[in-house]
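Trainee: Take the given structure of chain W and dock chain L to it, following the hints.
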Amino acid sequence: DVKVTQSSRYLVKRTGEKVFLECVQDMDHENMFWYRQDPGLGLRLIYFSYDVKMKEKGDIPEGYSVSREKKERFSLILESASTNQTSMYLCASSFPPDRSSYNSPLHFGNGTRLTVT
Amino acid sequence: SQQGEEDPQALSIQEGENATMNCSYKTSINNLQWYRQNSGRGLVHLILIRSNEREKHSGRLRVTLDTSKKSSSLLITASRAADTASYFCATDFEETSGSRLTFGEGTQLTVNP
Chain W
1 DVKVTQSSRY LVKRTGEKVF LECVQDMDHE NMFWYRQDPG LGLRLIYFSY
51 DVKMKEKGDI PEGYSVSREK KERFSLILES ASTNQTSMYL CASSFPPDRS
101 SYNSPLHFGN GTRLTVT
Chain L
1 SQQGEEDPQA LSIQEGENAT MNCSYKTSIN NLQWYRQNSG RGLVHLILIR
51 SNEREKHSGR LRVTLDTSKK SSSLLITASR AADTASYFCA TDFEETSGSR
101 LTFGEGTQLT VNP
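Chains as they are written, first to last, in our numbering: chain W, 1 to 117; chain L, 1 to 113.
Mixed in with the good hints, there may be bad ones.
Which stretches of chain L does chain W cover? Using the computed rule of at least three CB atoms under 8 Å from a CB of chain W, they are [unchecked claim]:
hint, stretch
1, 28 to 41
2, 44 to 51
3, 102 to 111
If you're looking for bench data, these hints aren't it; they were derived computationally from the structure.
In this text, a Cβ means the ideal position worked out from N, Cα and C, and glycines have one as well.
The shape of chain W in the complex, shown without the other chains (with noise of 0.2 Å):
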């Protein structure tokens, strides 16, 4: 089974601080995003990556940035945490699509509730 870990379940950040979320994938996918989820708003893209060292900004990228060093690994970064980036944050990775379906299943992490107070 696949499995993609979040470091964190639960993070709590004061206003200002960098605040770094990794996410590791275990089974060699090259698409991996972050997602944040929130009551109301369901599940917006941040930001994706379609191999190592290459992002692509989402919907919603702006007071975040990511990082891809290595295939299995990446990283969500705010730059100075804002209370309105209190939310929980999801990391899912896939295989790219191919020729027929054009997309690939996405594999979650558990997620990570963060709260800046």
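Mentor: For chain L alone, kept in the frame of chain W given last:
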């Protein structure tokens, strides 16, 4: 705006009953996926239906896709208390490449024992 929108937002049924959840989307898609999320956990992939398919089954799950109406439904038959979870549809845009999915806000299903 969200590509996929689930309906209803919440559904409460008794064990043994069937549960139907609907998803509508706005633009042409390559395929549509359904996911499940238990409280406080990540999402788990349930089923994928391609744009050229109309119906797909997996165990107690049945998914239909109507591309003319831009809608899909997920049917869970003979529901169990363990099916209590949030269910999300996810779509990709035909115009975009790669594995980028857009999720709806989900349907919260409660199955009462």
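Trainee: Each hint needs a verdict: does it hold in this structure or not?
Mentor: Right, here's what the structure says about each hint:
Counting residues of the stretch 28 to 41 of chain L whose CB lies closer than 8 Å to any CB of chain W gives 6, which reaches the minimum of 3, so the coverage claim holds. Note: the stretch 44 to 51 of chain L has 4 residues with beta-carbon separation from chain W under 8 Å; the three-residue rule is met and the coverage holds. For the stretch 102 to 111 of chain L, the assignment as covered by chain W holds, since 5 residues bring a beta-carbon within under 8 Å of that chain's beta-carbons and 3 suffice.
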